[in-house]
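Produce the complete structure using the sequences and hints provided.
Here the protein sequences line up with chains A and B, keeping their order.
If you're matching positions, the first sequence starts at 1 in my numbering and goes up one per residue.
If you're matching positions, the second sequence starts at 827 in my numbering and goes up one per residue.
Heads up, some of the hints might be wrong.
What the hints assert, rightly or not - With a Cα cut of at most 20 Å, we get these calculated SDA-like pairs of lysine to any residue:
hint	chain 1	residue 1	chain 2	residue 2
1	A	Lys2	B	Leu935
2	A	Lys2	B	Gly896
3	A	Lys2	B	Arg937
4	A	Lys2	B	Thr865
5	A	Lys2	B	Leu860
6	A	Lys2	B	Ser867
7	A	Lys417	A	Ser375
8	A	Lys2	B	Arg934
Since the hints were derived computationally from the structure, they do not count as laboratory data.
Below, each chain spelled out in residue letters.
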Amino acid sequence: MKAGVAAIILAVSLFAGFRPIGPLPPLGRLLDPANGVWATAATANLRPVDGARVPGLTSPVDVLVDDRGVPHIFAGTENDAFRALGYVVARDRLFQMETQTRAAAGRLTEWAGPRALETDRDSRSLGLVWGAGKKFASYDKSSPAWGAMMAYAEGVNAWISQMRPRDLPVEYRLLNARPIKWEPIYSLYFFSRMALTLGFNDASLRRLRAQAMVGKEAADALYPVNSPIQEPIQPNGSSAPRQDFVSIPPPGAPDSAARLAATALHSVVAALRMSRPNAYGDALGSNNWAVSPRRSATGNALLAGDPHLDLSLPSVWYEMHLVVPGRLDVAGAGFPGVPGVVIGFNRDVAWTFTNTGSDVNDYFTERVDDDRHPSRYMVDGAWRDLETRVERYRDAGGAVIHTDTLYFTHRGPMTNKSGAWLSMRWTAYDQSQEADNFLRLGHTRSVTEWLGAMRDYVAPTQNGLVADRGGNIAIRSSGRYPIRAGDGRGDLIRDGSISANDWKGALAVEQYPFSLNPPQGFLASANQQPVDPRQNSSYMGSDWYSPWRALRINSLLRADSAVTPDAMRRYQTDPGSARADAFVPLFLAAAANEKTAGRGDSLLERSASLLREWDRRYVRENRRAVLFEAAMQELSRRTWDELRVEKKSKAVEEFTLPEPQLLLALSAQPASAWWNDRRTTVIETRDMILAQSLRAALDSVTRRSGDPEGDRWLWSNVRHANIHHLLRIPAFSALGISMQGGPATLNPTGGSGTQGASWRMVVELGPEVKGWSIYPGGQSGAPASPRYRDRLSKWKSGQLDAVLFPRSASALDRKRVISRLRLEPQ
Amino acid sequence: MNLRAFVAFLLLAEAFAVTTFGLGWWAVPIVAALWAAFTHSPRRAGFAALCAATGWGSLLLLNATRGPVGEVAAQLSGVMHVPAPLLYAVTLGFPALLAWSAAAIAARLTRRRAVRTVVA
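Structural data, given as structure tokens:
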């Protein structure tokens with residue numbers, strides 16, 4: 001009897017030990033305290049002294065990890081430095097590296113099975129792997145980046161092959177998976193993925209959707225090629241923003257052809273995941289600015305950068321310092337999976353980027369020989385063969401669970417998701433060597449050299465800001481800007497059967513938005529339209545991000561003629577808002593006008609009184625920003641009611657309404673038909689809608705949050721950052737972090753709180769370059785590690801850490817070193 | 827427990843810990859079965875279970891001296907939606923079950939063989 005029970009228990013225990021049960025991984029490997037999940041505690045801290053052998057190393061490399069978790073890598077050659085970097089990044093972030101790779105390559109089904117199939121199909125249909133494969137095949141094998149990618153892969157694989165069972169990251173244990181071998185091409189996958197993340201370009205779709213509802217004339221005005229408020233990246237000589245308001249025509253008749261086109265394009269854009277989340281322009285955005293020596297308190301050039309991206313734990317960034325005596329001495333942030341520093345500084349130069357958001361992808365309708373199984377497409381009356389690629393999706397066991405055939409024209413991937421074949425041309429598919437561009441930056445000694453290193457940079461287009469120790473500052477919106485046929489606009493779908501509609505080349509680098517040492521003594525970018533169209537009318541994009549952050553940082557810098565590094569830091573989380581400065585007076589004036597017109601009431605007076613109390617700063621302790629934000633939402637909803645429809649049609653789902661700057665432009669037309677809310681019987685004017693929005697805002701916020709003096713009105717209780725773990729496991733995430741800043745501030749927060757400042761950096765280019773930095777999270781990707789989220793608190797409060805930047809291993813303060821790793825040739 | 831039993835307890839617990847460390851969790855039933863096959867204690871299955879739990883407990887303690895085991899437990903409890911103490915209990919209970927069942931089967935098989943030998 002006892003033996004029978006024992007046999008059953010043994011069988012069940014062994015089964016649970018070896019096999020996954022439901023979502024649970026095999027318990028044996030998971031619970032094993034020597035090699036399972038508990039052992040991750042033992043590997044959470046780096047060993048004070050460690051060593052390993054790495055294939056390919058030509059001489060020993062010393063890696064000193066400081067108390068911020070930053071590896072200082074001292075190597076004899078650059079490729080040895082990248083081998084060591086691959087090793088230490090894999091040690092800290094292996095799971096993240098593989099997750100990014102799988103996401104870009106559409107191989108998540110190998111972890112998650114059919115649940116991830118649609119995501120994988122979308123990724124592969126994008127052609128990211130196809131594009132990266134073409135780039136990799138044609139990469140200049142003698143280029144530094146080629147060697148760096150090879151060396152980096154050797155370092156990563158050295159770590160993978162030497163990992164002890166207890167070193168396996170916890171996520172692999174939960175997924176019951178093992179790391180894959182790292183291939184050099186995976187570094188290119190990351191660049192492709194970043195080009196997609198920063199592609200953003202759904203301007204065509206937004207405009208088409210509006211055209212479908214209110215006609216072409218109105219749509220063109222609501223989604224204009226040029227921003228109606230101008231304070232461009234390339235200074236235009238003006239000491240104040242310019243308002244280029246043009247009359248917005250009233251809503252016109254719906255355009256059925258545009259509706260069909262929008263429906264077709266929607267399916268493509270949705271698959272590409274390139275549509276902007278609602279109110280993106282106000283809720284997300286990167287900033288950078290630089291100050292020339294004559295406007296800095298220390299007489300040295302200063303540079304600040306804070307790229308905003310989707311926030312995650314671990315962070316998208318990894319901080320590092322690479323030293324190869326006589327060759328390279330660069331510190332800053334790079335991406336796990338990519339060799340080298342992307343944003344950072346060396347002994348002479350500092351640099352950072354914001355996204356330009358230019359229009360670099362276009363759609364073409366294609367005629368094919370067979371709608372179901374095409375093999376050719378028509379160009380200029382002649383058939384051309386389609387390139388095909390069979391994609392197989394596998395499950396965790398390696399079995400094929402789905403097969404797709406992808407089609408490619410000479411422009412790029414071609415899809416048919418709603419009855420029409422559309423191909424996409426995108427600069428991210430072009431032959432390019434971004435990895436080389438970024439590697440070159442670390443070697444530059446001056447602004448001029450730096451600009452030269454970025455000359456042939458392609459995608460994604462970036463506003464590269466640079467300052468040097470000689471006191472020079474410069475900015476250039478670098479990347480490939482396609483030249484289109486006809487009117488040159490890229491926000492239209494073109495006929496692919498005519499080769500004359502193809503791109504005609506690209507703008508010369510001399511035509512890029514650019515400024516060097518401008519008379520105003522500072523430069524700033526915040527994703528705004530890069531150039532004043534009166535100075536350069538080349539089409540670079542349309543429907544640009546809201547200009548509010550640019551206005552704010554320009555006004556701060558204009559007002560400060562002795563900027564300090566600490567002021568640069570403070571500006572990064574400045575709570576002021578040019579958007580609030582523009583709209584609060586409008587609301588208050590409307591309330592007064594309505595009262596004068598005999599349409600006032602106590603609700604309106606009360607809401608105006610509460611709004612008047614607000615100092616227009618999104619600090620955590622204020623109780624009025626919530627009212628203003630509600631009023632802005634109401635205003636947008638009521639004004640653009642002609643553009644809002646039920647979510648019956650796929651073409652208009654997720655429709656983003658025009659940016660608030662268009663509302664400001666419209667405010668110059670107080671009797672425009674746009675102000676009229678079609679849902680009411682009254683003909684409304686501007687002031688009536690503004691007043692109604694204010695009333696409705698107070699009503700809704702009071703219903704939701706109670707008394708205006710109560711804590712539920714506190715901004716800290718309203719707006720949060722939510723930093724999810726890569727697998728969105730709450731226990732590994734940092735959620736509900738109250739933040740200073742609101743929509744359109746320099747530290748914008750909005751919506752789900754999942755986007756924000758992914759990296760903040762300030763650099764002073766003095767005789768000795770000094771840097772300060774922070775990012776949300778920590779250097780380690782191991783959730784149990786004390787270095788997993790050790791930077792969060794400072795990031796939240798807008799503080800920066802001083803970056804250690806020793807010239808040699810011996811110059812690094814021993815008290816600040818937590819681990820020494822010696823890598824030897826194998 | 828006399829000194830001899832205590833030493834046996836320590837040695838067996840150590841054996842579980844060392845073989846788990848070197849080979850993996852599946853070494854637990856093998857060690858338990860081997861031990862049960864070569865000893866004649868009437869309570870060998872229970873003894874093996876206790877030793878296995880102790881062996882794994884000592885490995886847990888060893889981890890705790892090197893890193894944040896409590897943090898791992900807290901995070902894992904969040905992932906698996908179970909209280910952290912239950913995770914500790916399962917971690918100690920799992921080897922105990924493996925060891926008990928393997929030892930019980932081994933004891934039964936060796937007793938039968940011994941009886942056959944005596945009969946022959």
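Outcome of the hint check:
no. : hint                : verdict
1   : A:Lys2 / B:Leu935   : holds (12 Å)
2   : A:Lys2 / B:Gly896   : violated (37 Å)
3   : A:Lys2 / B:Arg937   : holds (13 Å)
4   : A:Lys2 / B:Thr865   : holds (18 Å)
5   : A:Lys2 / B:Leu860   : holds (18 Å)
6   : A:Lys2 / B:Ser867   : holds (16 Å)
7   : A:Lys417 / A:Ser375 : holds (17 Å)
8   : A:Lys2 / B:Arg934   : holds (9 Å)
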